[in-house]
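J.: Spelled out, the chains give:
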Amino acid sequence: MTSLFRPYYIIQESEMAQPLDYNRRSRLKHVDQVFRSEIINIIPLTDMEKLFQLRILDGAERERFSFLPGQFVMVEVPGYGEIPISISSSPSHKGYIELCIRRAGVVTGILHKTRRGAVVGLRGPFGTHFPIERMRGNHILLIAGGLGLAPLRAPILNVIENRTDFHDVHILYGTRQPDMLLFNYQYEEWNRISDINLKVIVEQGDESWTGPVGLITDLLKKIRLEPLETYAIICGPPVMFKFVCAHLQREGIPMDRMFVSLERRMHCGMGKCCRCNIGSTYTCLSGPVFDYWTVMNLKEAI
Amino acid sequence: MKYLGIEPKRPKVGVFDFTGCEGCELQLANKEETVPAFLQAIEVVDFREISSTSSDDYEVALIEGAITRDDEIRRLKEIRKHAKLLVALGSCACFGGVNRLKNGYDLDAVNQEVYGTEPKETLPTQAVKEVVSVDLEIPGCPVDKAEVERIVQHLIWDVPYQFPAYPVCFECKQRYTTCVFELGQLCLGPIARGGCHAPCPAGGSGCWGCRGPAADPNLEEFLQIAKDRGFKKREIKERLSFYGGFEDMP
Amino acid sequence: MLFKVLGKKEFTTFIELLLNDTEVIAPKQVGVDTSGKPLHQYLPVQAFTEIDLSYETTEYSAKTYFLPFRENLSTCSFLDMVWDRQIKYRVQPRAIIGLHACDINALLKLDKVLAGDRFPSPYYISRRKNTFIVGIDHDPCEGGFCQAVGADVVTHGFDLYLTDLEDRYFVAINSERGFNVLQRVKTREPTARDNNDYLDVRRRIAGQFKPLEVHNLPNLMDIEFESKVWKKWADKCLSCGSCAMVCPTCYCYGIEERVSMDNAESAKVKQLYSCQFLDFAMVAGGHNFRPDRETRLKYRYYHQHRGFVEAYEEPLCVGCYRCGRVCLAGINPTDIIGDLQTEYQE
Numbered sequence: 116m117t118s119l120f121r122p123y124y125i126i127q128e129s130e131m132a133q134p135l136d137y138n139r140r141s142r143l144k145h146v147d148q149v150f151r152s153e154i155i156n157i158i159p160l161t162d163m164e165k166l167f168q169l170r171i172l173d174g175a176e177r178e179r180f181s182f183l184p185g186q187f188v189m190v191e192v193p194g195y196g197e198i199p200i201s202i203s204s205s206p207s208h209k210g211y212i213e214l215c216i217r218r219a220g221v222v223t224g225i226l227h228k229t230r231r232g233a234v235v236g237l238r239g240p241f242g243t244h245f246p247i248e249r250m251r252g253n254h255i256l257l258i259a260g261g262l263g264l265a266p267l268r269a270p271i272l273n274v275i276e277n278r279t280d281f282h283d284v285h286i287l288y289g290t291r292q293p294d295m296l297l298f299n300y301q302y303e304e305w306n307r308i309s310d311i312n313l314k315v316i317v318e319q320g321d322e323s324w325t326g327p328v329g330l331i332t333d334l335l336k337k338i339r340l341e342p343l344e345t346y347a348i349i350c351g352p353p354v355m356f357k358f359v360c361a362h363l364q365r366e367g368i369p370m371d372r373m374f375v376s377l378e379r380r381m382h383c384g385m386g387k388c389c390r391c392n393i394g395s396t397y398t399c400l401s402g403p404v405f406d407y408w409t410v411m412n413l414k415e416a417i
Numbered sequence: 044m045k046y047l048g049i050e051p052k053r054p055k056v057g058v059f060d061f062t063g064c065e066g067c068e069l070q071l072a073n074k075e076e077t078v079p080a081f082l083q084a085i086e087v088v089d090f091r092e093i094s095s096t097s098s099d100d101y102e103v104a105l106i107e108g109a110i111t112r113d114d115e116i117r118r119l120k121e122i123r124k125h126a127k128l129l130v131a132l133g134s135c136a137c138f139g140g141v142n143r144l145k146n147g148y149d150l151d152a153v154n155q156e157v158y159g160t161e162p163k164e165t166l167p168t169q170a171v172k173e174v175v176s177v178d179l180e181i182p183g184c185p186v187d188k189a190e191v192e193r194i195v196q197h198l199i200w201d202v203p204y205q206f207p208a209y210p211v212c213f214e215c216k217q218r219y220t221t222c223v224f225e226l227g228q229l230c231l232g233p234i235a236r237g238g239c240h241a242p243c244p245a246g247g248s249g250c251w252g253c254r255g256p257a258a259d260p261n262l263e264e265f266l267q268i269a270k271d272r273g274f275k276k277r278e279i280k281e282r283l284s285f286y287g288g289f290e291d292m293p
Numbered sequence: 014m015l016f017k018v019l020g021k022k023e024f025t026t027f028i029e030l031l032l033n034d035t036e037v038i039a040p041k042q043v044g045v046d047t048s049g050k051p052l053h054q055y056l057p058v059q060a061f062t063e064i065d066l067s068y069e070t071t072e073y074s075a076k077t078y079f080l081p082f083r084e085n086l087s088t089c090s091f092l093d094m095v096w097d098r099q100i101k102y103r104v105q106p107r108a109i110i111g112l113h114a115c116d117i118n119a120l121l122k123l124d125k126v127l128a129g130d131r132f133p134s135p136y137y138i139s140r141r142k143n144t145f146i147v148g149i150d151h152d153p154c155e156g157g158f159c160q161a162v163g164a165d166v167v168t169h170g171f172d173l174y175l176t177d178l179e180d181r182y183f184v185a186i187n188s189e190r191g192f193n194v195l196q197r198v199k200t201r202e203p204t205a206r207d208n209n210d211y212l213d214v215r216r217r218i219a220g221q222f223k224p225l226e227v228h229n230l231p232n233l234m235d236i237e238f239e240s241k242v243w244k245k246w247a248d249k250c251l252s253c254g255s256c257a258m259v260c261p262t263c264y265c266y267g268i269e270e271r272v273s274m275d276n277a278e279s280a281k282v283k284q285l286y287s288c289q290f291l292d293f294a295m296v297a298g299g300h301n302f303r304p305d306r307e308t309r310l311k312y313r314y315y316h317q318h319r320g321f322v323e324a325y326e327e328p329l330c331v332g333c334y335r336c337g338r339v340c341l342a343g344i345n346p347t348d349i350i351g352d353l354q355t356e357y358q359e
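Respectively, the protein sequence lines represent chains C, D and Z.
Residue numbers for the first sequence follow the numbering used here, beginning at 116 and rising by one.
Residue numbers for the second sequence follow the numbering used here, beginning at 44 and rising by one.
Residue numbers for the third sequence follow the numbering used here, beginning at 14 and rising by one.
FYI, nobody ran anything at the bench for these hints, they're computed from the structure.
Any given hint could be a false lead.
[Said to hold, decoys possible] The following label-pair restraints were derived from C-beta to C-beta distances: (1) Arg218(D) x Gln42(Z): 11 to 21 Å; (2) Pro167(D) x Asp162(C): 46 to 56 Å; (3) Arg272(D) x Thr25(Z): 37 to 47 Å; (4) Asn85(Z) x Ser98(D): 35 to 45 Å; (5) Glu75(D) x Asp97(Z): 22 to 32 Å; (6) Arg249(C) x Pro51(D): 43 to 53 Å; (7) Thr26(Z) x Arg272(D): 44 to 54 Å.
[Unchecked claim] With a straight-line Cα cutoff of 16 Å, these simulated EDC-like cross-link-like pairs (lysine to aspartate or glutamate) come out: (8) Lys124(D) x Glu102(D); (9) Lys414(C) x Glu323(Z); (10) Lys45(D) x Glu278(Z); (11) Lys45(D) x Asp93(Z); (12) Lys55(D) x Asp100(D); (13) Lys249(Z) x Asp259(D); (14) Lys414(C) x Asp93(Z); (15) Lys245(Z) x Glu102(D); (16) Lys249(Z) x Glu263(D); (17) Lys124(D) x Asp149(D).
Ideal Cβ positions, reconstructed from N, Cα and C, are used throughout, including at glycine.
Chain C extracted, bound-state conformation (with noise of 0.2 Å):
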């Protein structure tokens, strides 16, 4: 007797297949295989965060991969784990990609003791971004607190590379010391060549430090705003952010037009783990990028 059932392969689906790409969101894949992806460089900048350089080992891979600023990968390091980290580079950029990543954990913890040449996985990019397209023909003001700068420095490079399309273009960066400031090499370029105003503030300075000391909105008050002609991007801890976009908000900047990136533990980027719901919302599907009229929608956003 034949048997009743015949078995279904899954993998047999003509779309399991197809190369590996997760901007296919609807499409069935291989959801757990990773892009082998090689750190080809690795830069100090400062005693808890490195830059890491990271490229996609296959080429067609590389070619095929593709993300929008604020998008972020899941960082895979066999045997250690998985965690979700914003992109810092530019979207234009298809050799490499840069992670800003803090030793905070095991995983990040192994990953700056590791040496350039060493392969890890790569699956992503996942989330939504920050809408740079909408943005055009605006003034922008991009605003980060601490390690927010590196989810910032995506739309930084991308709104510096198409400088025309922009009004006023305002960088507001501000952290606790001196010491802490990420991409500190890269702000005479960002503000001399690219016709930017960036402004950098420190809540305590040291001997050194020549710069303003206090809060980051001490330095928007000194802006003058054209709120309905305005976009905004603030990256950063809860508490800075939702101080600076209340400013923004009595400013007259519309809700809809401020942009934040949460962050929260996740495992899957995916949609299925919810452990990053914020509510019940996934951060990872919904978010990382939000605008803050649905942050103030969020029960528990900040």
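Go by the hints and put chains D and Z onto chain C.
T.: Just chains D and Z, lined up with the frame of chain C:
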């Protein structure tokens, strides 16, 4: 790991027994399929169960058993001086274990009950952490070799080891066990630390809490539940004190 | 939908046909509780006599056959400086007999999350498509409120669905696979009497549910966000995760890396987790987004009765009441929803 350009450490390990049944030490030699790899990964310099060599040159000291005599206190303090990392292995080392039960009685009476007319020197039972500082605790009666392996791998490669925060119930459910409360038995599962894969309830007897309390246990509610289900106060207290892990709790 | 009528004797033949051919999972009595009530579980069976289709409910849902508690997602082999990764999916066919409407509705909800249009999961789809499902109608179980959440009736998501008409089964056929398998045994077309009897049984079942007020629950959840109700129940919560384990729709998980002792390979293991655990939303560095029981308990209900509704126009909960039954502390959805509904009426 090697692919990351990180070379393994091969820690020198000493295993030392105090008052206990040596069951945890036996566990170290258990799980035959991985014993060679296990012994490859570490360098055992002192371990009475499997080798006759003895040395003071170790980085990691695994301590088995509770502390019940003066000479044990001196020996333990000496080991602490040599060891960079001191690990309490098993419920006796972590909480005092079954040995701790005697602390509820008059010491002389206990001595006489066991040794009759030839009493032995004995002190109230202490956990290792009550005598010296402990860097890592691996509770269990006996310890789970797989957990010991993961901790060793953690020491060698920095691979993650997460001490389970969840209670035994979680793993009990994951193996489809019928709740022993449903069968009329007492069980510490809701408040005891998981990670053991819940063998006791699966075998038909409730949990005795050999791994101590779970992270943030709701003891108050647990006591209420046990009472509502008709368990006597004495019975509950006996269960909680069996391995000594719940002693610090109100 | 096609319907057939299957005699009880032919039904035995039909089950034996399945048993001879494939792995069969069915409700099986595993013991009795302290009050003498039989306890059932969905377990692999070898003989028709092991199956008890008159079961009231099971302690565990059948979720584990689609979303196992532990699952190896991939294996990575280390070869000195390089590594390679392998992924395997489960393909062995399997039949599950005797699922109730709530559990089939639960699968339909899981389908939305796991086989829908946002990163469909091959692990789940492979198991789902390789599972032959025979459902069965039953009188409401104690505590069950499936009717209130619209999960007491099921129109798809199964291969065959049985309604017991005492001396025969009324069979709904929902797949070609089901149709073909049923061809192997003797069946007949339903008569007017069969149809009548079937509709009578359905009416009898539908009339027995106790009402539960779930009107406007999503908005109520928001209004009651700071309600004392959450603290009242959370004070009892043991954070043991049992509710999520027995739930037919809870799907959240954690990932663990397991490196072999000889360091030759590493497995990426998925383990179903519970949002009630202390470390559920803890991030590297130690910050915990949900440090207290009250918040955690609240968000379990939030996800089921508000968030899921927002995304899919229906609650995630199917009203099977397994969480209420398993909870030693007596926390249950009926009382919590009841408390939320009445807080402003007092």
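J.: Going through the numbered hints above, which ones does this structure break? Give me the numbers in ascending order.
T.: The structure conflicts with hints 14, 15 and 17, although it agrees with all the remaining ones.
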